[in-house]
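K.L.:
The residues making up each chain are set out below.
Number of protein chains: 2
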Amino acid sequence: MEETITVEDRKYMRAAIELANESVERGGGPFGAVIVKDGEIVAGSSNSVTLDNDPTAHAEVNTIRQACKKLKTFDLSDCTIYTSCEPCPMCLGAIYWARLRHIYYGNTRTDAANIGFADNFIYEELERDLTDRTVPITHMMGDEAIATFRRWEAKADKTEY
Amino acid sequence: MEETITVEDRKYMRAAIELANESVERGGGPFGAVIVKDGEIVAGSSNSVTLDNDPTAHAEVNTIRQACKKLKTFDLSDCTIYTSCEPCPMCLGAIYWARLRHIYYGNTRTDAANIGFADNFIYEELERDLTDRTVPITHMMGDEAIATFRRWEAKADKTEY
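Taken in sequence, the protein lines are chains A and B. Reading the first sequence from the start, the letters are residues 1 to 161 in the working numbering. Reading the second sequence from the start, the letters are residues 1 to 161 in the working numbering.
It is worth saying that the hints were derived from the structure and are not from the lab. Since the model is a prediction, treat every value here as computed from it, not as a measurement. Be aware that a few hints might be false.
No farther apart than 25 Å at their CA atoms in a straight line, the calculated lysine-lysine pairs in the DSS-like style are these [what the hints assert, rightly or not]:
1) A:Lys69 x B:Lys70
2) A:Lys70 x A:Lys11
3) B:Lys155 x A:Lys69
Pairwise CB distance ranges, derived in the manner of DEER restraints [what the hints assert, rightly or not]:
4) B:Lys158 x A:Arg133: 45 to 51 Å
5) A:Ala113 x B:Thr4: 28 to 34 Å
6) A:Glu22 x B:Glu160: 16 to 22 Å
7) B:Gly116 x A:Thr6: 25 to 31 Å
8) B:Ile115 x A:Ile115: 51 to 57 Å
9) B:Lys158 x A:Glu127: 48 to 54 Å
Note that the Cβ used here is the ideal one computed from N, Cα and C, for glycine as well.
Bound-form chain A, shown alone (with noise of 0.2 Å):
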């Protein structure tokens, strides 16, 4: 895909990547990410699980979590994220969740599991079956969990997403 990249994305990405830096300097992740809307970067952000004692504080999560409030919207499809590494299972999600429209990445998650990051560990992880797993799941009271849902069904106001 590489023919497909401009001189723009570029831009971008060395913008994460510079978020990156700044945050190992700063004692964050080595982590970066910008979201570009129209040709502009509306967000930037980068690691800072340890510094904010927040293990969902991933540069992507903290990037996207930043346009939505800049943006008065929970629905980024008119956006594109680059970041400096290959996202994570948990921030491939919440990009699906926010509909960003395409995904530019530096680093790989073999990159990333060279220095010690579990990604690569998580994404096998959620491949297995419930009952494979390292963290025990167990499924119950399926029965009274259901009932939220059919009330869910029944609201005619609700705001789907």
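Given chain A, work out where chain B should sit, using these hints.
P.N.:
Only chain B this time, still in chain A's reference frame:
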């Protein structure tokens, strides 16, 4: 696994379901979760995606963030999560990053799909090769991005996780 479920487990799951029910009333998504440490509920939240304009604000993510803030840590390895629905890939990723030790869930990803949520679709996407995904994902500038990881590796005083 039904035999291993205790009266306490049922109490915590009922609290998660109740948060999900309250959320539907309030106009949020039909999902709730609680996190338990040493027999005490330390955090509980529901899905606020549409209320907060935050696509990452699923019940599990909200509850993990709340628990970490309260306990002042990014490591919840002494905690268990009870969620009214099987975690989506984003939330399962968050649970792994937070190192929660056990997951209990009520509704399944299929139940969620049946009322229009994309959980199951995203699980399928994650298992696909990058080239077969619905959202285009492009690798670029790995040669520049890797320099950040080298910098991270060389840093003596980093906080790893």
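K.L.:
Now look at each hint and say whether the structure bears it out.
P.N.:
Do the hints match the structure? See the list:
1. The straight-line distance between the Cα atoms of A:Lys69 and B:Lys70 is roughly 24 Å, inside the 25 Å bound, and the hint therefore holds.
2. Note on A:Lys70 and A:Lys11: the hinted pairing holds, with a Cα-Cα distance of about 22 Å set against a maximum of 25 Å.
3. Note on B:Lys155 and A:Lys69: the hinted pairing is violated, with a Cα-Cα distance of about 33 Å set against a maximum of 25 Å.
4. Range check, B:Lys158 to A:Arg133: Cβ separation about 29 Å, and the 45 to 51 Å hint is violated.
5. The hinted window of 28 to 34 Å between A:Ala113 and B:Thr4 holds, with their beta carbons roughly 33 Å apart.
6. Range check, A:Glu22 to B:Glu160: about 19 Å between beta-carbon atoms, so the 16 to 22 Å window is met.
7. Between B:Gly116 and A:Thr6 the beta carbon distance is about 36 Å. The supplied range of 25 to 31 Å is therefore violated.
8. Between B:Ile115 and A:Ile115 the Cβ separation comes to about 41 Å, which falls outside the hinted range of 51 to 57 Å.
9. Taken as a hint, the range 48 to 54 Å is violated for the pair B:Lys158 and A:Glu127, whose Cβ atoms sit roughly 30 Å apart.
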